[in-house]
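Student: In case you want the letters, here they are:
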Amino acid sequence: MPSPRAGLFVTCLVDLMRPSVGFAAARLIEAAGCTVVVPDRQTCCGQPAYNSGDRATTKTLALQTIRAFTDCDYVVVPSGSCAAMLKVHFPHLFASEPDLETEARAFAAKVHELCTFLTNICPIGKVPGRYSGRVTYHDSCSGLRELGIKSAPRRLLSTVDGLQLTEMPEAEACCGFGGLFAEKYANISNAILTRKTDNAATVDADLILAGDLGCLMNMAGKLTRNGHPLACRHVAEILAGELTDPPIGHATVATP
Amino acid sequence: MKLDTAHFPANAAAALANPRLQSALAKLPGGLVAQRRAAVAAVPEFEALREEARAIRDATLSDLANHLEAFEAKATAMGSHVHWAVDAAEARLKISDVCRSANARLVIKGKSMVTEEIGLNAHLEGNGIDVVESDLGEYIIQKRGEAPSHIIAPAIHLTEADVEADFRSYHTHLNPDRTLGTPESLVAEARAVLRQKFLTADVGITGANFLISETGSSIIVTNEGNGDLTQILPRVHIVVATIDKVVPTLDQAITLLRVLARSATGQDMTAYTTIATGPRRADDLDGPSECHIVLIDNGRTEMLSSGMREALRCIRCGACMNHCPVYNAIGGHAYGWVYPGPIGAVLTPALLGITETSHLPNASTFCGSCETVCPVKIPLVSLMRSWRDRAHDQGPRTRTARLWSGTWAYAATRPALYHLLARFGIAIASAFGRRKGHFRTLPFPRGWLKHRDLPAPQGRTFQQLWKETERGVPR
Amino acid sequence: MSRESILTRIRAANTAPAQPPLKPHAAPASLNSSGAGAIGRFRTTAVAKGVTVVDVDKPAALPLAVARTLTATNLRADTIRVNDPKLCELPWHDASLAIARGAADPLDTLTLSSALAAVAETGSLVLGSGPDNPCALAFLPETHLVAIARSNIVGTFEDALAILHTRYADNLPRAINIISGASRTGDIGGRIVQGAHGPRQLFVFII
Chain A
111 MPSPRAGLFV TCLVDLMRPS VGFAAARLIE AAGCTVVVPD RQTCCGQPAY
161 NSGDRATTKT LALQTIRAFT DCDYVVVPSG SCAAMLKVHF PHLFASEPDL
211 ETEARAFAAK VHELCTFLTN ICPIGKVPGR YSGRVTYHDS CSGLRELGIK
261 SAPRRLLSTV DGLQLTEMPE AEACCGFGGL FAEKYANISN AILTRKTDNA
311 ATVDADLILA GDLGCLMNMA GKLTRNGHPL ACRHVAEILA GELTDPPIGH
361 ATVATP
Chain B
446 MKLDTAHFPA NAAAALANPR LQSALAKLPG GLVAQRRAAV AAVPEFEALR
496 EEARAIRDAT LSDLANHLEA FEAKATAMGS HVHWAVDAAE ARLKISDVCR
546 SANARLVIKG KSMVTEEIGL NAHLEGNGID VVESDLGEYI IQKRGEAPSH
596 IIAPAIHLTE ADVEADFRSY HTHLNPDRTL GTPESLVAEA RAVLRQKFLT
646 ADVGITGANF LISETGSSII VTNEGNGDLT QILPRVHIVV ATIDKVVPTL
696 DQAITLLRVL ARSATGQDMT AYTTIATGPR RADDLDGPSE CHIVLIDNGR
746 TEMLSSGMRE ALRCIRCGAC MNHCPVYNAI GGHAYGWVYP GPIGAVLTPA
796 LLGITETSHL PNASTFCGSC ETVCPVKIPL VSLMRSWRDR AHDQGPRTRT
846 ARLWSGTWAY AATRPALYHL LARFGIAIAS AFGRRKGHFR TLPFPRGWLK
896 HRDLPAPQGR TFQQLWKETE RGVPR
Chain C
3 MSRESILTRI RAANTAPAQP PLKPHAAPAS LNSSGAGAIG RFRTTAVAKG
53 VTVVDVDKPA ALPLAVARTL TATNLRADTI RVNDPKLCEL PWHDASLAIA
103 RGAADPLDTL TLSSALAAVA ETGSLVLGSG PDNPCALAFL PETHLVAIAR
153 SNIVGTFEDA LAILHTRYAD NLPRAINIIS GASRTGDIGG RIVQGAHGPR
203 QLFVFII
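Residue numbers (our numbering), protein chains in the order written: chain A, 111 to 366; chain B, 446 to 920; chain C, 3 to 209.
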C-alpha cells in the first residue's frame with residue numbers, strides 16, 4: 111500500500127521567518143509514515159484578512175489554499191491558529207454557496223494540526239527528538255479552544271528523551287498576540303504579554319514551547335527585549351530534534 | 446450614558462497607567478475567575494446545563510412576541526401595569542410619568558444595567574427627583590459620578606481606601622473622627638445611611654434578571670438584599686427590563702439560575718432570588734401598592750434581524766469580561782459605554798452603530814476565553830468578527846492601513862509573485878537582523894517594537910529551501 | 003403604538019417558525035437528593051453558606067431552641083417579630099421570650115418566618131409572602147430566624163416548584179423569596195462582608 115500523501119501547509123510565518131519549523135514538521139510527518147508534499151500555490155491561510163473584516167480576500171485565499179491541496183490525503187499544519195482557520199472557518203466562508211461549501215468541508219476534513227496528526231491520525235509513537243532540559247508549554251488560544259489541542263503536544267513531548275515538562279501558571283491564558291491586535295493595540299497587547307512571560311518565568315524551565323509561531327515570536331520578542339534567558343522554540347523543533355538554529359530571536363552564536 | 450468609545454486607545458492607555466485600577470484588576474483571576482472554576486467543577490453536568498440554557502434562550506427568542514404577550518396578559522391579571530417603550534427616550538418618559546403620578550421626591554434603585562443604558566438617573570434628576578442607588582457598588586460610583594466598570598461588580602475598579610475617602614467626604618453628618626478602616630465598617634456605614642433612604646423613598650426601581658410569562662413575575666437576584674428592600678418598602682415598584690428578558694416558565698428559569706450565579710460569582714445561588722408578582726394583595730401587610738413593568742426595545746428587535754440575535758441570549762453574568770485578557774488589562778471604563786468586555790464589544794455597536802464604536806470589536810485577541818465560559822454559549826468571537834466585517838465595509842480608517850492591506854492582499858492571492866517577493870524581502874531583512882537574531886528598532890511595526898523585539902527571519906523562505914533541497918533533506 | 007410596533011418588528015424578524023416548546027428537564031443528577039439524603043445535604047449546603055442549622059423535635063420545642071441558640075451565639079433575646087399564627091401560638095413565654103405580631107418594623111432586630119420549602123441542592127429557603135409571613139421580615143432585621151418542617155426539605159428546585167404549584171396553582175403570592183445565606187456584599191475591595199442591607203445572620207430551625 112502506498113504511503114499517504116500529506117500536504118504540508120507551511121503557514122506564512124514559518125515560510126518567512128522560521129523555515130526550520132517546516133523542516134521539523136516534514137521530518138515528523140515522514141516519520142509517521144507519510145509522503146510529504148509542499149504545494150507552491152499556498153501562501154497564507156487568510157486570517158489577517160478574515161479578522162480585519164476583508165471577506166473578499168479571505169475567500170480568494172481560501173479557495174487558493176483548498177485547490178493547492180486537491181491531490182493530498184491529508185493537510186498538516188504546524189499551527190493551531192492556521193489549522194483552525196482551514197478546518198473550522200473555511201466552510202463558514204461559503205455558507206451561501208453550496209458547491210464551494212461542500213468543497214471547503216471536504217477539504218476541512220483532511221486538515222489536521224501537526225501534534226494532533228501525530229497522535230490521533232498517523233500516530234508516530236516515539237519521536238526522533240532528544241532534548242536534555244526543562245521546558246514549559248504555552249497552549250495557544252485557537253489550537254486549544256477551537257481545536258481542543260491540549261494533551262497531544264504533551265503526549266508527544268513525554269516521548270522525548272531527557273525532556274522535563276513543567277507547567278506554568280495560566281498556561282491556557284492568551285499571550286496577547288492576536289495578529290494585527292499586537293500592532294494596533296500595542297499597549298494592551300503588552301500588558302497581556304507581560305503577564306504571560308511573567309508566569310512562564312516563575313517555573314524552572316529554560317525553554318517555552320508552543321505550537322504557533324505567532325505566539326512564540328511575541329513571547330520571544332518580549333524576553334529578548336528584557337534580556338531574559340528564557341528562550342522560545344516551536345514544539346516541532348524539539349520533537350524532530352531540529353535544533354541547529356538558535357531559539358527564536360536569538361543570535362546565531364547562542365547555543366542553548 | 447455618554448458614549449466615549451471613539452477614544453478607546455487613549456482611555457485604555459490611561460487605564461494601563463493607573464496603578465490603583467491595576468491593583469484592583471489584579472484581584473480578578475484569584476477572585477471571580479477562581480470562584481467560577483470551583484463552582485463549575487462541582488457540577489459535572491455543567492456543560493449540559495449550558496446547552497440547556499442556550500436552548501431555552503434560543504427557543505424563547507424564536508417565539509418572542511407570543512411570550513411577551515403571554516407575560517403581559519398574566520402580569521396584568523396579577524395586578525401589574527405593563528408599559529412598552531420603543532427606545533430610551535420613551536422609556537425615560539414612561540418611568541418619569543409613573544414617578545410624577547406617585548408624587549415621587551425620592552427614588553431608590555436596585556442595580557440595573559438597562560437604566561444605565563437609557564440614562565434614567567440624569568433624566569429623573571432633571572425632573573427634580575432625587576435618585577439613590579442602593580447596591581453598594583452602585584452607590585459608591587453614583588457618588589463619584591462614575592459609570593459602572595463591570596456589570597455585576599460596578600465598583601470593581603476601586604480599592605477600600607478609595608471608598609473610605611469617598612464616604613468621609615459624602616457622609617458629612619457623621620463624626621469625622623469615626624473609624625472606617627475596614628470593609629466591615631464601610632458596609633455598616635452605608636447600610637445605616639441607605640436604610641433611611643429605603644424608608645423614605647416614594648418609588649423603588651429595579652431591573653429584572655428574568656420575566657416569567659406563565660406567572661407574570663419578575664425575578665431579580667442580589668446578594669445584598671437591596672433589590673428586595675427597594676421593591677418592598679416604597680409605595681410604588683417599577684420594574685425596568687428589555688424585551689429579551691422574558692422566559693416562558695419558572696422551570697426554565699431554574700436552569701438559567703443554575704448557570705447564572707455559578708458563572709457570575711461562583712456561587713450556586715445568590716443570597717436572594719426573588720420572584721415578584723404584582724402589587725401587595727388585599728391582606729398583605731407589606732409590599733408596594735402599585736407595580737409597573739416597563740418593557741423596552743431600544744435596539745433589541747433590530748438585533749433579532751441583523752445577525753446579532755445570539756447576543757440576545759445574554760443573561761448578564763459578566764463571566765466573559767472576568768475571563769477576557771483585554772478587560773483584565775484595562776477594566777471596564779475604557780470601553781466607553783455601559784457594557785464592557787466581550788459582550789460590550791458586541792452589544793455596543795448593535796445599540797449605537799459601528800461607526801463610532803469600531804474600536805471595541807477590534808480590540809480583541811480573539812482568544813475565545815469568553816466563549817468557553819459563556820453560560821448561554823454566545824459565539825462572541827464570531828459576532829465581534831461580524832462587526833469587523835461591517836466596519837471594513839465602511840472603508841479602513843487610514844490610507845496607510847488601506848495601502849498595506851491592499852498590497853498584502855494583492856501579493857498573497859498571487860502565489861508566484863508572493864514567493865518571489867518573499868525571497869527578496871526575507872533575504873534583505875535577514876541580512877540586517879541575522880547577527881543579533883532580532884530587531885530592536887525599525888520604521889515599522891512601531892507598536893510591536895515599542896514593547897518587544899521583532900525576531901529576525903532565518904534567512905531564506907521555506908518554499909525556497911524546500912525546492913533547492915528536493916524532498917526536504919535539511920540544508 | 004409602541005406595543006404594536008415592537009411586537010410587529012419581532013414577528014417580522016422571526017421569519018423561521020418558532021421552535022417547539024422545550025421538554026421539562028430533570029435536575030442534574032449531581033444536584034439531586036431525596037428523603038433523608040436531602041435533609042443531610044441541606045444541612046451541609048446551608049452550613050457552607052454560613053447559616054446556623056438547629057434541629058427541633060416538635061413545634062412546641064421551638065421557643066426553647068431559639069432561646070438556647072440566641073444565648074449560645076451571644077445575641078440579645080429581644081422581642082421577636084413573628085406573624086405566622088402557628089408559630090405565634092407556641093409557648094414563647096416558657097422560654098422567657100417575647101414576641102410581637104405584625105409586619106416588620108425598621109427597629110426590629112429579630113424576626114421569625116416560616117418557610118414553604120428548603121432546597122438541599124443549594125441550602126436555600128423558599129418563603130412565600132402573605133399575611134402570615136410579611137416579606138420584610140426577611141430583610142429588615144439584623145438576625146432572621148426561619149422555621150421549616152422537616153417534611154418540606156426537598157432535593158432540588160424542581161421539587162420546590164412542585165410544592166409552590168400545589169399550594170398556589172398558577173397564581174403566585176406577591177413575593178417568593180429564595181434565600182441562600184445571609185445578606186452579603188463583595189463590593190468593597192472584593193472581600194465578602196455579611197449584612198449588607200439585609201440580615202447579618204440567618205438561623206434555620208428544622209422541625
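Calculated directly from the structure, the hints in this document are not laboratory data. There may be inaccurate statements among the hints.
[Claimed, not checked] To be clear about the criterion: a stretch of chain A counts as covered by chain B if any three or more of its residues have a C-beta under 8 angstroms from a C-beta of chain B, and this derived list gives those stretches:
1. 118-129
2. 158-165
3. 226-238
4. 251-262
5. 298-306
6. 353-361
In this text, a Cβ means the ideal position worked out from N, Cα and C, and glycines have one as well.
Student: Hint by hint, say whether it matches the structure.
Tutor: Status of the hints after comparison with the structure:
Coverage of the region 118-129 of chain A by chain B holds. Counting CB-CB distances below 8 angstroms, 8 residues qualify, and the rule asks for three or more. Counting residues of the region 158-165 of chain A whose beta carbon lies closer than 8 angstroms to any beta carbon of chain B gives 8, which reaches the threshold of three, so the coverage claim holds. For a cut-off of 8 angstroms, the count of residues in the region 226-238 of chain A with a CB near a CB of chain B stands at 0, and the three-residue condition is violated. Note: the region 251-262 of chain A has 4 residues with beta-carbon separation from chain B under 8 angstroms; the three-residue rule is met and the coverage holds.
Under the rule that three or more residues need a Cβ within less than 8 angstroms of chain B, the assignment of the region 298-306 of chain A holds, with 7 such residues. Counting residues of the region 353-361 of chain A whose CB lies closer than 8 angstroms to any CB of chain B gives 7, which reaches the minimum of 3, so the coverage claim holds.
Hint compliance for this structure: hint 3 alone is broken.
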